[in-house]
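J.: The lines below spell out each chain.
Protein chains: 2
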Amino acid sequence: MTKGSSGQNGSSQDQVDHAQDVALKQAREPSSQSVTFGADKPLHLDAGLDLSPVTIAYETYGTLNEDKSNAILVCHALTGDQYANSTSPVTGKPGWWNRMIGPGKPVDTDKYFIICSNVVGGCNGSTGPASINPNSKQPYGLELPVITIRDMVRAQAMLIDHLGIDQLFCVLGGSMGGMQVIQWAAAYPERCFTAIPIAAGARHTSQNIAFHEVGRQAIMADPEWHGGRYLDQDTTPRKGLGVARMAAHVTYMSERSLQSKFGRNLQNREAKTFTFDADFQIESYLRHQGMTFVDRFDANSYLYVTRAMDYYDLAADHDGQLAKAFMNTQTRFCIVAFTTDWLFPPAESRLVVHALNAAGASVSFVEIESDKGHDAFLLDEPEMFDAIDGFLKSAHKAHGLPASGKEA
Amino acid sequence: MTKGSSGQNGSSQDQVDHAQDVALKQAREPSSQSVTFGADKPLHLDAGLDLSPVTIAYETYGTLNEDKSNAILVCHALTGDQYANSTSPVTGKPGWWNRMIGPGKPVDTDKYFIICSNVVGGCNGSTGPASINPNSKQPYGLELPVITIRDMVRAQAMLIDHLGIDQLFCVLGGSMGGMQVIQWAAAYPERCFTAIPIAAGARHTSQNIAFHEVGRQAIMADPEWHGGRYLDQDTTPRKGLGVARMAAHVTYMSERSLQSKFGRNLQNREAKTFTFDADFQIESYLRHQGMTFVDRFDANSYLYVTRAMDYYDLAADHDGQLAKAFMNTQTRFCIVAFTTDWLFPPAESRLVVHALNAAGASVSFVEIESDKGHDAFLLDEPEMFDAIDGFLKSAHKAHGLPASGKEA
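Read top to bottom, the protein sequences are chains A and B.
In this text, residue positions in the first sequence follow numbering that gives the first Met the number 0: the first is 0, and each later residue adds one.
In this text, residue positions in the second sequence follow numbering that gives the first Met the number 0: the first is 0, and each later residue adds one.
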């Protein structure tokens with residue numbers, strides 16, 4: 000980032016470089032489990048090409064029962080990873096969905112076998128722009144074809160096949176993860192007993208695309224991006240990626256939460272400095288968000304995952320009629336939205352609910368009163384946990400699963 | 000900007016350079032009228048310094064009557080200028096508020112003498128960061144003290160004094176212009192017979208500050224910014240300023256207007272290209288907004304005017320009680336807000352209305368149903384024109400002004 004922010008002096012720069020080395024190493028040799036599909040099993044991309052080899056990095060929690068009927072697939076959001084319930088080797092932080100997953104939690108590790116895989120196009124071990132292109136022996140960079148939500152889900156299906164699982168008891172996730180859940184239910188209805196898309200939609204709106212484009216332009220405007228070939232130059236577009244993260248982060252919070260959390264409070268000072276330093280807490284907070292993000296995420300990956308969301312429009316794949324995507328589905332849906340989420344407002348969730356109703360699907364819609372905006376799905380939202388806990392318990396009965404996967 | 004956008008090849012680059020030369024010339028020698036106050040009349044800044052000399056560039060329309068009672072001050076928005084009703088020499092475009100100002104228009108040039116001045120800190124002829132610092136003989140850059148909304152208004156008051164006008168019949172403006180209107184009414188109640196702040200508020204919210212900080216960081220992240228000394232280097236942070244404009248522009252439109260204007264429509268193509276080109280109309284539109292902006296606006300000025308808005312908090316200047324700012328005011332207020340404006344939502348206008356009510360002021364509040372978002376104040380909003388036309392006509396009677404300024 001720029002003046003008023005750290006990371007400029009030698010020592011912290013060393014830490015930064017080290018953090019980026021760790022991130023790059025994980026992108027190519029993840030600490031998590033992974034499976035690589037060779038030339039015999041290429042990933043068919045919407046771009047019209049076959050991608051091969053394809054590595055999918057994933058984590059699992061809990062125990063798969065004998066008839067492999069207790070599996071839950073967790074889909075991560077834009078900059079998430081497979082470490083939903085375990086420590087990330089890149090950040091050293093605990094699992095990003097520890098509140099949702101664990102013994103006695105809604106996604107109960109005593110009952111279920113939980114799988115979370117890094118999306119294709121990502122940077123935590125699954126094939127992405129930082130991976131080595133077998134043809135050039137160099138990082139793909141922008142030579143990796145553009146990846147779509149459907150491609151991500153197709154790759155996940157290959158992983159589920161690899162694990163010998165026919166049907167998932169549940170697919171759930173928030174934001175981009177929720178888009179994947181919706182795509183799973185549309186593409187593989189017979190493989191999803193239940194589906195829980197949270198804070199998501201079946202398309203990206205014009206405003207969503209606009210904010211993503213701002214972020215991409217910020218990255219591409221950074222000369223350190225080098226047309227996507229920055230890894231060859233042993234550099235990274237830190238400033239551009241930081242600005243992209245800052246712009247995106249504002250959209251993850253509600254105006255109300257920003258006002259109540261930061262308001263116009265000053266950052267460690269009694270009065271305004273009449274400079275362009277981070278006088279306000281919100282400025283300091285955003286700069287910090289930008290700076291820490293670049294140490295854990297690959298700039299080209301950011302281009303790919305944002306593009307995947309922008310390209311997603313499930314109705315467009317079905318003559319503009321969203322209901323057609325769910326005809327005769329037996330999947331049980333629980334759609335969750337948050338009142339102050341202006342990135343994926345409840346109205347977008349309702350479009351999915353209406354389509355599911357028109358398709359005669361079993362659907363419950365939970366609109367949760369929350370101040371937290373889009374990020375609510377990652378935070379402590381008791382109403383969300385209760386709703387998902389109740390939904391999964393009743394589905395668990397309906398499915399005839401034993402009380403505990405371990406007992407199976 | 001970056002790939003997929005023009006302005007990269009020679010010929011269009013020449014046009015760009017020429018446009019920037021024109022802009023820089025206007026910043027220092029405006030085609031409009033201007034007044035320069037010397038060492039005897041410095042501008043007292045909130046930063047605690049005196050600024051001298053201070054030039055204020057302005058345009059006037061209509062005729063000042065004999066008793067100088069028919070003057071209206073129009074305050075421009077963030078990136079606006081003094082050319083509210085005349086062609087800008089920088090862009091060659093007609094006045095930005097031609098719909099509001101003119102013969103028979105709500106701000107009637109047959110009745111009123113209209114003044115519009117470029118804000119201090121701007122880049123259209125009033126003293127700003129592109130102006131020459133008399134001490135260094137170099138452009139100020141960041142050596143210009145941070146300017147506030149109160150400073151801008153103090154400078155406008157010096158201009159009004161210079162024109163020999165005691166009381167303005169009306170002060171009006173939108174967005175940052177509306178902030179200036181509110182500040183005028185608070186600082187010089189006896190000099191404002193009426194005040195019309197549109198799509199504005201008495202403070203900048205945390206979310207407002209956040210978006211401005213994203214823009215500033217985008218500019219400062221551009222190596223062409225050179226710590227603010229880019230003019231010495233005969234360059235300009237085009238890409239950073241373009242990204243800043245793109246981010247800001249999204250906030251000027253409502254989600255509804257973006258969806259209805261662009262939706263997910265593709266730009267001059269049948270299908271997605273599976274690249275990072277501007278596939279979507281909204282991407283192409285934003286890139287264009289960014290590119291054209293850098294040809295007409297100075298990057299450092301953008302830092303200063305955004306900072307001025309962030310710093311504004313009228314209540315904070317009055318023990319946190321906004322009503323105190325308007326005690327015993329005789330000014331007649333007309334507050335205008337738009338339902339889909341999420342940058343200055345009606346709730347922010349209502350805070351001003353409630354404060355005025357508490358202060359026993361004469362106030363009418365017009366909340367206009369519009370899907371145009373914040374930009375509505377610049378667009379064709381018949382309800383806005385009717386409301387302001389009616390308000391000014393009744394104030395005109397109450398003030399005892401003759402039917403036409405020319406007859407005076």
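Since the hints were derived computationally from the structure, they do not count as laboratory data.
Any given hint might turn out to be false.
[What the hints assert, rightly or not] Straight-line Cα separation of at most 30 Å, DSBU-like style, residue types lysine-lysine; simulated pairs:
no.	chain 1	residue 1	chain 2	residue 2
1	A	K271	B	K104
2	B	K323	B	K104
3	A	K104	A	K40
4	B	K136	B	K104
5	A	K323	A	K104
6	B	K40	A	K271
7	A	K323	B	K67
8	B	K40	B	K104
9	A	K271	B	K136
10	B	K271	A	K136
11	A	K260	B	K24
12	B	K271	B	K323
13	B	K136	A	K323
14	B	K104	B	K271
15	A	K40	B	K271
16	B	K271	B	K92
17	B	K271	B	K67
J.: Now tell me if each hint is right for this structure.
T.: These are the hints, each one checked on the structure:
no.	hint	verdict
1	K271(A) <-> K104(B)	42 Å, violated
2	K323(B) <-> K104(B)	34 Å, violated
3	K104(A) <-> K40(A)	36 Å, violated
4	K136(B) <-> K104(B)	44 Å, violated
5	K323(A) <-> K104(A)	34 Å, violated
6	K40(B) <-> K271(A)	26 Å, holds
7	K323(A) <-> K67(B)	69 Å, violated
8	K40(B) <-> K104(B)	36 Å, violated
9	K271(A) <-> K136(B)	29 Å, holds
10	K271(B) <-> K136(A)	29 Å, holds
11	K260(A) <-> K24(B)	44 Å, violated
12	K271(B) <-> K323(B)	57 Å, violated
13	K136(B) <-> K323(A)	70 Å, violated
14	K104(B) <-> K271(B)	46 Å, violated
15	K40(A) <-> K271(B)	26 Å, holds
16	K271(B) <-> K92(B)	34 Å, violated
17	K271(B) <-> K67(B)	61 Å, violated
Violated hints for the displayed structure, listed by number in ascending order: 1, 2, 3, 4, 5, 7, 8, 11, 12, 13, 14, 16 and 17.
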